[in-house]
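Construct all of the structure, not just a fragment, from the sequences and the given hints.
So the sequences go chain by chain: A and B. Just so you know, we're using my numbering here: the first sequence kicks off at 1 and counts up by one. Just so you know, we're using my numbering here: the second sequence kicks off at 1 and counts up by one.
Please keep in mind that the hints were generated in silico from the structure rather than gathered at the bench. Some hints here could point you the wrong way.
Calculated lysine to any residue pairs in the SDA-like style (CA-CA distance at most 20 Å, straight line) [what the hints assert, rightly or not]: (1) LYS197/A with GLU69/B; (2) LYS136/A with TRP156/A; (3) LYS197/A with TRP156/A; (4) LYS197/A with LYS276/B; (5) LYS43/A with SER477/B; (6) LYS76/A with LEU389/B; (7) LYS264/A with VAL386/B; (8) LYS43/A with VAL386/B; (9) LYS264/A with GLY98/A; (10) LYS193/A with ILE62/B; (11) LYS276/B with ALA91/B; (12) LYS193/A with ALA91/B; (13) LYS43/A with VAL316/B; (14) LYS264/A with ALA73/A; (15) LYS264/A with ALA101/A; (16) LYS278/B with VAL386/B; (17) LYS283/A with ARG297/A; (18) LYS43/A with TRP55/B.
This structure is a prediction, so every number in the text was calculated from the model and none was measured.
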Amino acid sequence: MHPALSALFGSTLALAGLILSSQAMAQEKRIIVYNAQHESLAKEWATAFTAETGIGVTLRSGADSEFSNQIVAEGKASPADVFLTENSPAMTQVEQAGLFAPVDADTLALVEDQYRPSGGHWIGIAARSTVFAYNKTKLTEDQLPKSLLDLAGPQWKGRWGASPSGPDFQAIVSALLQLKGEAVTSDWLKAMKTNFKAYRGNNTVLKAVNSGEIDGGIIYHYYWFGDRARTGENSSDVELHYFRNGDPGAFVSISGGGVLASSKHPQESQAFLKWIVGKGGQKVLREGTSYEYTVGRGEPSNAALVSLEDLQAPKIDPQTLNSRKVTDLMTDAGLM
Amino acid sequence: MRTLTDGTLIAGPAAARPAAASLRFSWIGFAALLVTLLTLVPLAFILWVTVQTGWQTAISLIFRPRVGELLVNTLLLELLAVPACAVLSVALGWLTERSDLAGARLWSWLCVAPLAVPAFIHSYAWVTIVPGLNGLGAGVLVSVLAYFPFLYLPVSAALRRLDPALEDAAAALGHGPWSVFFRVVLPQLRLALCGGALLVGLHLLAEYGLFVFVRFDTFTTAIVDQFQSTFNGPAANMLAGVLITCCFALLALEMLARGDERYARVGSGAARHPAKAKLGRAALPSLLMLAVVTALSLGVPFYTIARWLWAGGLQVWRMDEIGAALGHTTVLALGGALLATLAAIPMAWLSIRAPGRLQRMLEGCNYMVGSLPGVVVALALVTLTVRYLLPLYQTLATILVAYMLMFLPRAIISLRASIAQAPPELEQAAMNLGRRPFNALWSTTIRLSAPGAAAGMALVALGILNELTATQMLAPSGTRTLALAFWAYSGEIDYAAAAPYALIMVAASLPLTWLLYVQSKKMAGQ
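So, in structure tokens, the structure goes:
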């Protein structure tokens, strides 16, 4: 055989062998996490957990509904042990398919009641608040929308943005759906289609608000805090407006975590979940760079944040949020 | 089998052993058929899903305003970007090949080099420099800069090969230089232009990262959105069906435009090298134009990467992460390249040694499926493995098969060129000397076509290095290629942390691009 070709053959086989054998060796005490949370946060959690317990964590990155639908499609054969999301509708979907194992009782006890569903098949791991991020050179406080629904008005045409393909925005829509019903939601989405500018990712919306491309955008609070903590490059001209008064725009979304009933490492998986909502994991939220709210009992959030109680969020049982209906309505409205 | 054996059986000893010969042909024919059936799986699957979805739902998902919007976006993109690439490539090709431009060799390399920069890194660079860049204009600008070399390569090669006798004849008949160009030179570029335009057009349909950065929605970006919101929902599959239709429309269009005229010279002798046109007063503006194109297509990405590397300092070089990503990318690229090349052997061999109607049909299928965007292939394989072939789901095997399907045409084309140069008599002689058919083939033709196989592997590896969507959707958990890592960081607007990955991807692509360039020179006999 040609020497170059045989070198290629040889090195490929050697490398493939190396990878396969290293994966096989690491197979013991290693859990697979379908992770829709921010990769940087999940990595921080996983690294600290592995250092403490010796249990390895393999992260697969994706989006909330991508994974919930994927887990449902995989059924009992799912390779996933643990599922972490940014928002709760995807958790509910997996729960309704009966694919979660009950969360250990002592883990449930670690989290405040309002941040977990009553069924106990998954648990809140962090929380995040909807905000209207606006450019302070373009909008004064009295010009701000009073309600999320105001953004459907013609006066907002072409002036605001959002990231409709992301799970964050879809969770906000699910809250709207729960609070105001299908007709209002559908009309709002159709008005949004003509009014808003589409971005991919909340960071990108923030960046566009900062540069003045749009006056404001619907995002979650921590993108702004995160950017301010780094260089402020994408948020120097941006301020946050909290809708409050139980408005759909004051929705606080709960990130969820759950262990799959089909997990081959149930103990290790439960341990991981317990670690995240316990001291170690919540400390990462408080002191790390994620700026998401803590949900653990007696675990205060980062002091820089507006406290959860002050947000006057609408009361919604996370169990009632429906992701499939939302993607259908958004597809109908031409947003996807 | 008759058609397959035509033209390969030579008289004499071979005819005395028809059993062995037909065994060999059927074996290779069978292998080619098998590979072809495999390539048809994604296509058949999307069709099957459409039928399964039910016509009512399918129609409501296909005939809706959003699909109309995406169709308009896609059409405008193709109508603006492809002709722009063609005009630019002809102008640059003529300047570098047919004029006395200073430093023509260097310029011609600089016109190919943008291929070493993955398309999504082009737009990452542009968005850094012009943050508000978005929409159709931005999509067209960046796609032209990222993809024009696909047209420049064949056009400049064709220009190099042109027989100047035709131009002389036209000039002698009283045509001025412009008239000669449009009436004699341009028509002879038709094949190169059609082929290159098809390649660019298909890339535009398949591209994902480039358009996400500049916020321009196409079918591919919309399919990924749907996938991330519903995994393998009917809406995503219907969009994939429309995208496939677009690909086939392009293929048909190219076939029509190509025509079946003859372009070779008649009679014996070789064409002499054409004289270089004197640019005269146009020399300076010509140089300026090349400088501007180079600055936009190479300067912008390199400047941006350097800027972010500088801003990020040493801490963005997280060597453990980068090392792992490099390792994963290498394994996938080599594995995929090897598989695609092996799978290409039967088809490439048949197309040279046993051309016929069946072979042409099989080969056509391979090319057709190779033109499908990765996102369609990935969507089909995800759904298929999760529903019916669960042991293969999220395995190395599945992602390698996806790469093989996507990049098979690259391997076939390269292999075919070098099999054509290996004398068939050697195979025959080896058999006559008692080698078994497979052994005879292996020890002669396949060994001799190693350079073509290596070039094909390099081309496939280049494709895998830059691949984003299929890897995201299919790779085993924990896989992190350079492209995936770059994408994750740039998604969080951490452009500095993404920069090392951009640099490594460009650095790894440069030698492969150089190979392409040298290959194109060789083909033209220089």
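For each hint, the structure was consulted:
1. LYS197/A with GLU69/B: 15 Å, holds
2. LYS136/A with TRP156/A: Given that 20 Å is the threshold and the Cα spacing comes to 16 Å, the pair holds.
3. LYS197/A with TRP156/A: 11 Å, holds
4. LYS197/A with LYS276/B: With Cα atoms ~52 Å apart, LYS197/A and LYS276/B exceed 20 Å; violated.
5. LYS43/A with SER477/B: OK: LYS43/A and SER477/B at ~14 Å, within 20 Å.
6. LYS76/A with LEU389/B: 14 Å, holds
7. LYS264/A with VAL386/B: Holds, at roughly 18 Å.
8. LYS43/A with VAL386/B: 27 Å, violated
9. LYS264/A with GLY98/A: Measuring from Cα to Cα gives roughly 17 Å; hence the hint holds.
10. LYS193/A with ILE62/B: Holds: LYS193/A and ILE62/B sit about 19 Å apart, inside 20 Å.
11. LYS276/B with ALA91/B: This hinted pair holds, its Cα atoms lying about 15 Å apart.
12. LYS193/A with ALA91/B: The hint is violated at about 42 Å.
13. LYS43/A with VAL316/B: With a Cα-Cα distance of about 16 Å, the restraint between LYS43/A and VAL316/B holds, given a limit of 20 Å.
14. LYS264/A with ALA73/A: 18 Å, holds
15. LYS264/A with ALA101/A: The given pair, whose Cα atoms are some 12 Å apart, holds under the 20 Å limit.
16. LYS278/B with VAL386/B: Not OK: LYS278/B and VAL386/B at ~63 Å, beyond 20 Å, violated.
17. LYS283/A with ARG297/A: Cα-Cα ~12 Å, so holds.
18. LYS43/A with TRP55/B: Given pair LYS43/A, TRP55/B is violated - Cα atoms ~44 Å apart, limit 20 Å.
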